[in-house]
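Chemist: Which chain is which? The protein sequence lines are U and F, in order. 1 is the number of the first residue of the first sequence in our numbering; add one for each residue after it. 1 is the number of the first residue of the second sequence in our numbering; add one for each residue after it.
No wet-lab data here; the hints were simulated from the structure. C-beta: ideal position from N, C-alpha, C; glycine also. Hints are supplied without guarantee of correctness; some may be wrong.
Stated by the list, open to error - Stretches of chain U that chain F covers, calculated by requiring three or more beta carbons in the stretch to come under 8 Å of a beta carbon on chain F: (1) 7 to 15; (2) 22 to 35.
Stated by the list, open to error - Only some residues are given here: those of chain F computed to face chain U with a beta carbon under 8 Å: (3) T116; (4) P117; (5) I708; (6) G711; (7) E734; (8) R736; (9) C737; (10) V740; (11) E743; (12) L747; (13) V750; (14) E760; (15) I763; (16) E765; (17) L773.
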Amino acid sequence: MAEEKAEVNAVRKLTATLGTNLDGIVPAVKKFIREKDEALGRSS
Amino acid sequence: MDKKALITELQKDYKKYWGVRLFDEQGFVRKQCTSCRAYFWTVDAERTVCTEAPCTPYSFIGIRRKDWDYYETWKNVERFFVKNGHTSVPRYPVICRWRPDLFFTVASIIDFQRKTPKGVEFFLPQNPLIVPQVCLRFNDLPNIGVTGRHHSCFIMLGQHAIPQGGKGYWKDETVRLDWEVLTNVMGIRPDQIVFKEDAWAGGGAAGYSLEYHVAGLELGNAVFTEFREAGGGLEKMQTPVVDMGAGFDRWVWYLNGTLTSYDSAFGPVLEKMKKHIDYDGETFARYSRISGSLNFEDLLDARKAKADVAASLGLTADELTKKIGGLQAVYTIADHAKALLFALNDGGLPSTVGGGYNLRVVLRRAQALIEEHALPFTLTDVMEWHARSLTRMHPELRVDERIRDIVETEIRKSTDTRTKVRKRVDSLIDSKQKITDEMLVTLYDSEGITPEVIEDEAKKNGLDVNVPADFYARVTEKHMETAPEKKAARFDTSALAQTKQLCYTDVMEHDATVQGVSGEWVVLDQSAFYPEGGGQMYDTGTIGGVRVTDVQKENGIVFHKVEKPETFATGDRVKCRVDHARRTQLTQHHDATHIINGCARRVLGTHAWQHGALKDVTHARIDITHYKPLTDAELHEIERCANDVVSSKKRIRKSVHPTAEAEKNYSFTIYQGGVPWGDLRIVDIDGHDIEACGGTHADTTASVGKIIVTGTERVQDGIVRINFVAGDAADKYEDRCTAVVDELAELLKVQKERVPEEVEKLIVEWKAAQKSLEKSIEERAQQATRNMQFENAGGVRLLVAHVAGDTKQMQKISERLTSDDTLIFLFGEDTTDVPVFAAAGANAARDYHVGKLIKEMFGVMGGKGGGTPVLAQGVMPRMRVMEAMEWLKKRLK
Ligand SMILES: [Zn+2]
Ligand SMILES: [Zn+2]
Numbered sequence: 001m002a003e004e005k006a007e008v009n010a011v012r013k014l015t016a017t018l019g020t021n022l023d024g025i026v027p028a029v030k031k032f033i034r035e036k037d038e039a040l041g042r043s044s
Numbered sequence: 001m002d003k004k005a006l007i008t009e010l011q012k013d014y015k016k017y018w019g020v021r022l023f024d025e026q027g028f029v030r031k032q033c034t035s036c037r038a039y040f041w042t043v044d045a046e047r048t049v050c051t052e053a054p055c056t057p058y059s060f061i062g063i064r065r066k067d068w069d070y071y072e073t074w075k076n077v078e079r080f081f082v083k084n085g086h087t088s089v090p091r092y093p094v095i096c097r098w099r100p101d102l103f104f105t106v107a108s109i110i111d112f113q114r115k116t117p118k119g120v121e122f123f124l125p126q127n128p129l130i131v132p133q134v135c136l137r138f139n140d141l142p143n144i145g146v147t148g149r150h151h152s153c154f155i156m157l158g159q160h161a162i163p164q165g166g167k168g169y170w171k172d173e174t175v176r177l178d179w180e181v182l183t184n185v186m187g188i189r190p191d192q193i194v195f196k197e198d199a200w201a202g203g204g205a206a207g208y209s210l211e212y213h214v215a216g217l218e219l220g221n222a223v224f225t226e227f228r229e230a231g232g233g234l235e236k237m238q239t240p241v242v243d244m245g246a247g248f249d250r251w252v253w254y255l256n257g258t259l260t261s262y263d264s265a266f267g268p269v270l271e272k273m274k275k276h277i278d279y280d281g282e283t284f285a286r287y288s289r290i291s292g293s294l295n296f297e298d299l300l301d302a303r304k305a306k307a308d309v310a311a312s313l314g315l316t317a318d319e320l321t322k323k324i325g326g327l328q329a330v331y332t333i334a335d336h337a338k339a340l341l342f343a344l345n346d347g348g349l350p351s352t353v354g355g356g357y358n359l360r361v362v363l364r365r366a367q368a369l370i371e372e373h374a375l376p377f378t379l380t381d382v383m384e385w386h387a388r389s390l391t392r393m394h395p396e397l398r399v400d401e402r403i404r405d406i407v408e409t410e411i412r413k414s415t416d417t418r419t420k421v422r423k424r425v426d427s428l429i430d431s432k433q434k435i436t437d438e439m440l441v442t443l444y445d446s447e448g449i450t451p452e453v454i455e456d457e458a459k460k461n462g463l464d465v466n467v468p469a470d471f472y473a474r475v476t477e478k479h480m481e482t483a484p485e486k487k488a489a490r491f492d493t494s495a496l497a498q499t500k501q502l503c504y505t506d507v508m509e510h511d512a513t514v515q516g517v518s519g520e521w522v523v524l525d526q527s528a529f530y531p532e533g534g535g536q537m538y539d540t541g542t543i544g545g546v547r548v549t550d551v552q553k554e555n556g557i558v559f560h561k562v563e564k565p566e567t568f569a570t571g572d573r574v575k576c577r578v579d580h581a582r583r584t585q586l587t588q589h590h591d592a593t594h595i596i597n598g599c600a601r602r603v604l605g606t607h608a609w610q611h612g613a614l615k616d617v618t619h620a621r622i623d624i625t626h627y628k629p630l631t632d633a634e635l636h637e638i639e640r641c642a643n644d645v646v647s648s649k650k651r652i653r654k655s656v657h658p659t660a661e662a663e664k665n666y667s668f669t670i671y672q673g674g675v676p677w678g679d680l681r682i683v684d685i686d687g688h689d690i691e692a693c694g695g696t697h698a699d700t701t702a703s704v705g706k707i708i709v710t711g712t713e714r715v716q717d718g719i720v721r722i723n724f725v726a727g728d729a730a731d732k733y734e735d736r737c738t739a740v741v742d743e744l745a746e747l748l749k750v751q752k753e754r755v756p757e758e759v760e761k762l763i764v765e766w767k768a769a770q771k772s773l774e775k776s777i778e779e780r781a782q783q784a785t786r787n788m789q790f791e792n793a794g795g796v797r798l799l800v801a802h803v804a805g806d807t808k809q810m811q812k813i814s815e816r817l818t819s820d821d822t823l824i825f826l827f828g829e830d831t832t833d834v835p836v837f838a839a840a841g842a843n844a845a846r847d848y849h850v851g852k853l854i855k856e857m858f859g860v861m862g863g864k865g866g867g868t869p870v871l872a873q874g875v876m877p878r879m880r881v882m883e884a885m886e887w888l889k890k891r892l893k
């Protein structure tokens with residue numbers, strides 16, 4: 001069989017980590033970045 | 001027509017129905033039992049009562065008639081029937097895959113019945129035949145282990161014939177053969193055998209029957225199914241069928257004369273178990289002679305019957321339980337373990353789905369008994385002992401890794417919920433709420449807690465719980481309710497001819513004549529459009545240049561939903577064009593579904609059974625029965641297997657077979673996608689997966705291109721979903737993955753390869769940031785509270801203050817300061833709208849309602865918000881904060 005694309009494998013890991021489907025990955029990551037920055041900003 | 005009415009009707013001409021040649025030849029006489037009033041036939045002219053218990057108590061116990069074990073008994077019986085022209089058919093699975101209305105094979109005749117739109121039809125693969133059909137029945141659980149004769153798993157010796165075309169036979173020959181088996185093979189004295197007149201009706205069919213009773217035991221029941229229900233009455237069937245079913249375990253019991261049928265059926269297994277329990281053998285021997293009269297219809301019945309039996313042995317119910325309870329427990333465990341052994345070997349799973357629920361109940365019951373009696377063996381041990389002792393009779397039985405894992409996983413699940421459940425029961429009892437019947441059903445249903453446990457627990461706490469007498473019947477009824485009928489036909493099809501379907505050919509463009517227009521739907525004389533079905537979405541395209549947006553089929557007629565129905569008139573000649581790309585994609589997804597199904601069964605085991613599927617354009621999925629979440633490794637293996645099937649270019653054969661032939665050639669696994677009737681279209685991926693299926697399929701797996709498993713979800717207990725894409729959709733999916741990974745690489749400013757790792761790192765950092773925020777809020781709160789001063793006002797300690805921070809910060813500060821007599825109002829900081837937070841201690845809240853207070857303040861100062869007597873928040877204009885603080889102090893003085 002054809003080698004599986006690295007990106008497909010990466011997405012499988014990401015969906016498992018984030019508990020979302022393909023479409024939800026980027027919004028989820030953006031939300032984590034935003035909330036992290038906010039929290040850091042407010043705790044400094 | 002009910003059974004009683006049927007018997008009364010038939011008895012008007014009893015000789016016509018129950019009279020058989022054997023009775024004439026042997027000089028039988030017809031009698032009425034002076035005890036139960038039933039009519040019976042016997043060679044013993046002196047006999048006044050029938051030989052069914054309790055009219056005749058068990059009189060075979062303690063007498064060993066043959067030196068045959070279970071297997072030898074079967075071989076002798078089998079030899080007799082084969083010598084007399086019967087084919088001995090191997091048992092069918094206990095999981096009844098060929099009848100959508102049944103979960104388990106409950107009788108031998110079920111093997112040979114198929115549901116058709118017209119009702120149940122019988123067909124025999126051989127005529128006449130016998131079959132040692134292993135049956136599962138779970139409607140008698142309270143009787144099992146107690147009565148000595150009830151089993152959830154037993155062999156029904158089926159003797160079946162259809163008198164037709166010079167083959168088979170009818171009642172004369174049936175009764176002659178059975179008489180010979182009983183007298184010659186089993187060696188029963190003729191005067192001991194009684195044939196009772198009975199009848200049977202169900203599933204639209206009915207017949208009269210002769211029950212064979214010997215020494216208190218029913219040894220068989222020959223039903224002559226000759227009628228079908230029609231117009232409120234009965235009419236003769238075209239092909240009547242002999243349905244003789246005998247409880248084979250009772251035959252073995254009768255010949256061995258053991259105290260219970262459990263001892264003769266699972267002797268070697270019980271030997272291993274009995275070593276570990278204490279019981280009073282003498283009491284049990286006396287008990288077993290009267291247990292033949294026990295048959296609990298319900299729990300109330302059971303309790304009363306137990307007390308009666310104990311009394312007749314000169315004991316109380318509790319004393320009897322002490323003396324023989326352990327023995328009854330091992331009988332029950334042995335029975336349940338045997339049922340599980342067969343069910344799991346034949347692909348069943350404990351779950352909340354369908355009959356899986358029954359398996360869950362027996363598994364939990366058996367496990368609870370093992371724990372209650374602190375027995376030093378496991379449920380799988382007992383299953384293993386059964387498999388070994390049954391090896392000559394059923395060499396197919398295994399207790400392998402998979403089955404062990406299923407049982408152990410299920411036990412773990414039940415232990416996990418049990419603590420939770422105990423708490424629930426305790427809190428129910430604590431709350432002094434009345435425990436309703438509904439609650440009992442729910443607890444039993446969702447958690448498997450029996451009402452007896454609740455009753456015991458309640459009694460310990462001095463509470464009375466009344467378990468409804470028909471409890472188990474109610475629960476069973478609830479679970480036997482089948483899925484609601486599919487919605488009624490949405491079109492009136494009475495005036496229309498069947499559509500000639502071209503979707504199984506290569507035709508994608510064709511001419512057709514409009515047969516009718518109904519609302520937005522157009523019917524043609526022939527159509528290449530695939531109507532939605534079997535989880536595959538409908539084709540689209542154009543008819544006469546007008547877009548087709550949906551295609552459905554009802555009663556053999558294909559309906560096309562079109563955008564401009566007004567442009568069509570009956571009789572129009574139109575050009576039809578199917579969207580080729582869409583069809584190809586749907587076909588790829590359908591082929592992939594079958595491929596994945598076959599792989600799932602290989603990777604996970606034969607319990608993996610298709611529960612549902614969807615084949616759409618952008619994605620597809622298959623739901624399969626499985627007992628725990630799928631691991632990454634399993635998903636990978638399924639995906640690899642699927643792509644191996646694709647790259648090995650297997651042929652996909654489509655052929656049409658009559659039901660019987662298809663089952664014989666391909667086994668019941670063809671029913672993965674449901675149970676159709678009539679000529680079955682079989683889709684065979686070169687042996688990898690064979691299913692009855694009406695979908696569109698290519699000629700080779702190569703045309704699927706590639707399959708990507710995109711993920712898994714738990715659908716419900718016992719069912720997991722595999723999401724996947726194939727063909728063109730797989731290419732597009734790869735492109736979307738690439739785009740997402742590219743975007744994340746950009747966003748996180750890392751190389752593409754490091755994206756998953758970096759996201760994990762981000763989550764760790766996010767958690768740390770949240771923690772440190774939490775900590776700094778805490779620290780600031782601590783700092784802020786140092787300088788705060790309460791003042792006494794209006795009988796409370798009042799604090800009106802300005803603090804740095806948001807609502808969360810204010811909340812923390814207020815938490816630190818609140819005590820019974822405090823009233824706290826905090827104003828935060830912001831550029832325009834300032835957050836306000838208020839809290840009252842328990843005593844203060846008796847006099848003041850902070851929610852109403854800040855509402856009142858906002859009314860005067862502007863702003864909005866509110867809350868409860870103890871907690872309130874809102875926002876107000878920054879310009880008036882100072883003024884508001886003063887207002888508050890004044891208001892509360
Ligand atoms: Zn009787
Ligand atoms: Zn299919």
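Chemist: The structure should be examined with respect to each hint, and the outcome stated for every one.
Modeler: Hints, one by one, checked against the model:
1. 7 to 15: holds (count 8)
2. 22 to 35: Satisfied; 8 residues make the cut.
3. T116: violated (42 Å)
4. P117: violated (40 Å)
5. I708: Holds, about 6 Å.
6. G711: Since chain U brings a Cβ to about 6 Å from F/G711, closer than 8 Å, the hint holds.
7. E734: Holds - the Cβ of F/E734 comes within 8 Å of chain U, reaching about 5 Å at its closest.
8. R736: holds (6 Å)
9. C737: holds (4 Å)
10. V740: holds (5 Å)
11. E743: The hint holds - F/E743 has a Cβ within 8 Å of chain U, the shortest such distance being about 6 Å.
12. L747: holds (6 Å)
13. V750: Check failed: Cβ of F/V750 comes no nearer than 12 Å to chain U, outside 8 Å.
14. E760: holds (6 Å)
15. I763: Hint on F/I763: holds, closest Cβ of chain U at ~6 Å, below 8 Å.
16. E765: holds (6 Å)
17. L773: holds (4 Å)
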